[in-house]
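Engineer: Sequence:
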Amino acid sequence: MNWLAVGRRILYGVALVGCAAPTWAQPAKHRVPAVRVAPPPATDPPAVRVKLFQAARLTNQFKDSEALAVYQEVLSTVPNHYLALWQAAVLSARIGGRYSDETRKAAYFDAARQYADRALLLRPEGGESNYAVAVALFSQATLYRAGARLHAFRDLRSHVYLATEKRPDLPEAWQLLGRWQYRVAHYNLLERLYSKLVLGDVPDGGDSREAMDDLEKAHRLAPNNLQFCYDLARMCRYQGRRRRAIEVLREADKIPPITSDDLVVSRLCRKMLPPLLRAAARHQKRQDSQPEPVTANAPNQPADTAGKKTK
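Its first residue numbered 1, the sequence shown is counted upward by one per residue in this note's numbering.
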């Protein structure tokens with residue numbers, strides 16, 4: 001028997017099944033969270049600094065399209081401006097994620113990848129540039145078939161870990177790491193087989209417990225971010241941590257939505273809470289209905305002598 005030919009047939013079959021596999025089930029769209037922008041460095045020319053301040057103000061006001069246009073103006077005069085490049089990448093990914101048309105999504109996601117790659121060339125070890133590349137890869141993966149998605153998730157690993165290492169203060173990086181870890185931890189059999197045969201192996205780092213820890217870090221760094229609350233509560237629900245999920249969702253209910261994206265996520269949080277409360281009530285009711293265990297008398301306990309006649 002020609003084992004080489006058999007191996008090739010198996011590999012080809014796995015690739016076909018992987019390409020035909022449905023997209024990953026995601027209860028909600030992946031949304032790139034907004035990144036608060038710090039003031040630009042003092043080394044920039046005055047005209048560039050004015051533009052960067054304007055872009056930062058627009059970003060912090062959640063006016064993403066206007067902010068992206070200003071960063072593009074900066075890049076037209078200073079093509080290798082690091083801050084403008086990685087911010088343009090993140091904004092492009094976030095704007096693209098709002099479209100339902102895949103052609104528009106792909107255009108924005110491809111632009112995000114180009115900006116991110118340029119930033120990475122300037123600072124290969126930069127936390128921001130690696131975060132931008134990870135965001136672009138994650139966004140592009142939502143449009144890929146199974147095999148290409150697994151390639152993207154393999155390539156994403158080093159960037160998202162480096163982002164959290166270099167910028168541990170960036171909650172968006174921890175959120176993305178947690179999502180990546182959870183997804184890799186839940187590869188199905190075909191995804192694992194394809195990863196081992198084609199990509200060398202399943203990426204290291206996929207772990208549900210670590211994913212929850214990283215989402216908790218993101219939530220602690222940005223407790224008023226509704227997307228972080230939703231991601232954390234959803235993961236807690238999947239892992240059977242109902243009490244923690246309820247706590248997070250109650251926190252989310254107190255956060256006023258600012259943008260239209262926030263409004264959508266807030267509604268998702270409110271929709272998730274009632275079933276969890278009903279499940280918690282049923283669990284408590286079952287506990288209350290159980291009879292209390294009968295405790296045996298302690299050893300050497302003296303017997304009741306009441307009513308006995310004394311000699």
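None of these hints come from the bench; they were simulated from the model.
Some hints here could point you the wrong way.
The calculated DSS-like cross-link candidates involving lysine-lysine, where the alpha carbons are at most 27 Å apart (straight line), are [claimed, not checked]:
1. K285 <-> K271
2. K105 <-> K63
3. K254 <-> K217
4. K217 <-> K285
5. K285 <-> K63
6. K217 <-> K196
7. K271 <-> K196
Distance ranges between label pairs, derived from CB positions [said to hold, decoys possible]:
8. L189 <-> T259: 38 to 44 Å
9. S289 <-> I255: 19 to 25 Å
10. R104 <-> K254: 16 to 22 Å
11. P223 <-> R49: 38 to 44 Å
12. R209 <-> K285: 17 to 23 Å
13. P223 <-> P45: 49 to 55 Å
14. N80 <-> Y144: 47 to 53 Å
15. K196 <-> P45: 15 to 21 Å
16. D213 <-> Y144: 48 to 54 Å
17. I255 <-> K196: 41 to 47 Å
The C-beta atom is built at its ideal place from N, Cα and C for all residues, glycine as well.
Engineer: None of the hints should be skipped; say for each whether it holds.
Structural biologist: Now the hints, each set against the structure:
1. K285 <-> K271: It holds: about 23 Å lies between the C-alpha atoms, which stays within 27 Å.
2. K105 <-> K63: Status holds; Cα separation ~18 Å.
3. K254 <-> K217: The given pair, whose Cα atoms are some 20 Å apart, holds under the 27 Å limit.
4. K217 <-> K285: violated (34 Å)
5. K285 <-> K63: The hint is violated at about 48 Å.
6. K217 <-> K196: Distance ~31 Å between K217 and K196 Cα, so the pair is violated.
7. K271 <-> K196: violated (39 Å)
8. L189 <-> T259: 38 to 44 Å: holds (39 Å)
9. S289 <-> I255: 19 to 25 Å: At roughly 36 Å between Cβ atoms, I255 and S289 fall outside 19 to 25 Å, so the hint is violated.
10. R104 <-> K254: 16 to 22 Å: violated (35 Å)
11. P223 <-> R49: 38 to 44 Å: With a Cβ separation near 32 Å, P223 and R49 fall outside 38 to 44 Å, so the hint is violated.
12. R209 <-> K285: 17 to 23 Å: Given range 17 to 23 Å: violated, Cβ gap about 30 Å.
13. P223 <-> P45: 49 to 55 Å: Since P223 and P45 have Cβ atoms about 38 Å apart, the given range 49 to 55 Å is violated.
14. N80 <-> Y144: 47 to 53 Å: Because 29 Å falls outside the window, the suggested range is violated.
15. K196 <-> P45: 15 to 21 Å: With a Cβ separation near 52 Å, K196 and P45 fall outside 15 to 21 Å, so the hint is violated.
16. D213 <-> Y144: 48 to 54 Å: violated (28 Å)
17. I255 <-> K196: 41 to 47 Å: At 42 Å between Cβs, range holds.
The earlier numbered hints that this structure contradicts are 4, 5, 6, 7, 9, 10, 11, 12, 13, 14, 15, 16.
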